[in-house]
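Trainee: Given next are the chains, with one letter for each unit.
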Amino acid sequence: DTAVSQTPKYLVTQMGNDKSIKCEQNLGHDTMYWYKQDSKKFLKIMFSYNNKELIINETVPNRFSPKSPDKAHLNLHINSLELGDSAVYFCASSQGSTGDYGYTFGSGTRLTVV
Amino acid sequence: GEDVEQSLFLSVREGDSSVINCTYTDSSSTYLYWYKQEPGAGLQLLTYIFSNMDMKQDQRLTVLLNKKDKHLSLRIADTQTGDSAIYFCAGEISNTGKLIFGQGTTLQVKP
Chain A
1 DTAVSQTPKY
11 LVTQMGNDKS
21 IKCEQNLGHD
31 TMYWYKQDSK
41 KFLKIMFSYN
51 NKELIINETV
61 PNRFSPKSPD
71 KAHLNLHINS
81 LELGDSAVYF
91 CASSQGSTGD
101 YGYTFGSGTR
111 LTVV
Chain B
115 GEDVEQSLFL
125 SVREGDSSVI
135 NCTYTDSSST
145 YLYWYKQEPG
155 AGLQLLTYIF
165 SNMDMKQDQR
175 LTVLLNKKDK
185 HLSLRIADTQ
195 TGDSAIYFCA
205 GEISNTGKLI
215 FGQGTTLQVK
225 P
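Going line by line, the protein sequences match chains A and B. Here the first sequence is numbered in the numbering used here, starting from 1 and rising by one per residue. Here the second sequence is numbered in the numbering used here, starting from 115 and rising by one per residue.
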């Protein structure tokens, strides 16, 4: 039973399109995150939600908009996709602060913008 | 802000020990973590250490923490080909829930 699941796993789209990535966790965690991993494998936090409330919003273009309908779901919508948005996007969850267990990560969504 | 640095690549022979090193800047991190990423997969938590500990051992894994030098290491004993992956160290910026990751160390295990 997958703990943190993301869909789709792969996404290929043209520049200028709008796309969404969905994330769901069944761990009962109250905090969810989006991370971006670039081609050099560098991981950078984008957003964090705690119980549907936005708590971390790093310097991310306005074209990226997270939405959390409930504490088990965190979606990422991207408008007007650009070539530089190509990356692997990881969703993660944790119970409160990371504490003893760190984050549980999804398997990632590989976004390719052509 | 917090910065976490790692060497990028390590190659060892099967059966040898591997030591992956990490340095960090935020001494207030309560927990420090090691994650493993296999090709095409997400990050898997391997182990963590609480900041008031110097060492933690978990089967083949040994984590050493030198708070004075802000240095963290992960030793993998009897390294196997299945250990080939990218290893990330990460520190939590205090009370933010925000994990900052190093660049990752690619471990190559030769048969």
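Derived from the structure by calculation, the hints contain no laboratory data. Remember, it's a predicted structure, so these values are computed and weren't measured experimentally. Backbone N, C-alpha and C fix where the C-beta goes; we use that ideal spot for every residue, glycine too. Treat each hint with caution, since some may be false.
Stated by the list, open to error - Cut-off 25 Å, straight-line C-alpha distance, at most; resulting in silico cross-link-like pairs (SDA-like, lysine to any residue):
(1) Lys-44/A x Gly-129/B
(2) Lys-41/A x Val-114/A
(3) Lys-41/A x Arg-189/B
(4) Lys-41/A x Asp-168/B
(5) Lys-36/A x Ser-198/B
(6) Lys-9/A x Phe-42/A
(7) Lys-52/A x Ser-125/B
(8) Lys-150/B x Glu-24/A
(9) Lys-212/B x Asp-30/A
(10) Lys-212/B x Val-114/A
(11) Lys-40/A x Lys-170/B
(12) Lys-181/B x Ser-198/B
(13) Lys-40/A x Gly-196/B
(14) Lys-170/B x Gln-95/A
(15) Lys-170/B x Ser-125/B
(16) Lys-67/A x Asp-38/A
(17) Lys-67/A x Lys-212/B
To be verified - Footprint (simulated), chain B over chain A, 3 or more residues, beta carbon under 8 Å:
(18) 32-43
(19) 47-61
(20) 103-111
Trainee: Each hint needs a verdict: does it hold in this structure or not?
Mentor: Evaluation of the provided hints:
1. Lys-44/A x Gly-129/B: Violated - the C-alpha atoms of Gly-129/B and Lys-44/A are around 34 Å apart, more than 25 Å.
2. Lys-41/A x Val-114/A: Within the cut-off at roughly 20 Å; holds.
3. Lys-41/A x Arg-189/B: With a Cα-Cα distance of about 22 Å, the restraint between Lys-41/A and Arg-189/B holds, given a limit of 25 Å.
4. Lys-41/A x Asp-168/B: violated (29 Å)
5. Lys-36/A x Ser-198/B: holds (22 Å)
6. Lys-9/A x Phe-42/A: This hinted pair holds, its Cα atoms lying about 19 Å apart.
7. Lys-52/A x Ser-125/B: Measuring from Cα to Cα gives roughly 43 Å; hence the hint is violated.
8. Lys-150/B x Glu-24/A: holds (22 Å)
9. Lys-212/B x Asp-30/A: holds (14 Å)
10. Lys-212/B x Val-114/A: The given pair, whose Cα atoms are some 32 Å apart, is violated under the 25 Å limit.
11. Lys-40/A x Lys-170/B: Distance of about 30 Å is beyond 25 Å: violated.
12. Lys-181/B x Ser-198/B: Violated, at about 28 Å.
13. Lys-40/A x Gly-196/B: holds (22 Å)
14. Lys-170/B x Gln-95/A: Measuring from Cα to Cα gives roughly 23 Å; hence the hint holds.
15. Lys-170/B x Ser-125/B: holds (24 Å)
16. Lys-67/A x Asp-38/A: holds (22 Å)
17. Lys-67/A x Lys-212/B: holds (19 Å)
18. 32-43: holds (count 4)
19. 47-61: holds (count 4)
20. 103-111: holds (count 6)
Violated hints, in rising order: 1, 4, 7, 10, 11, 12; the structure is consistent with all others.
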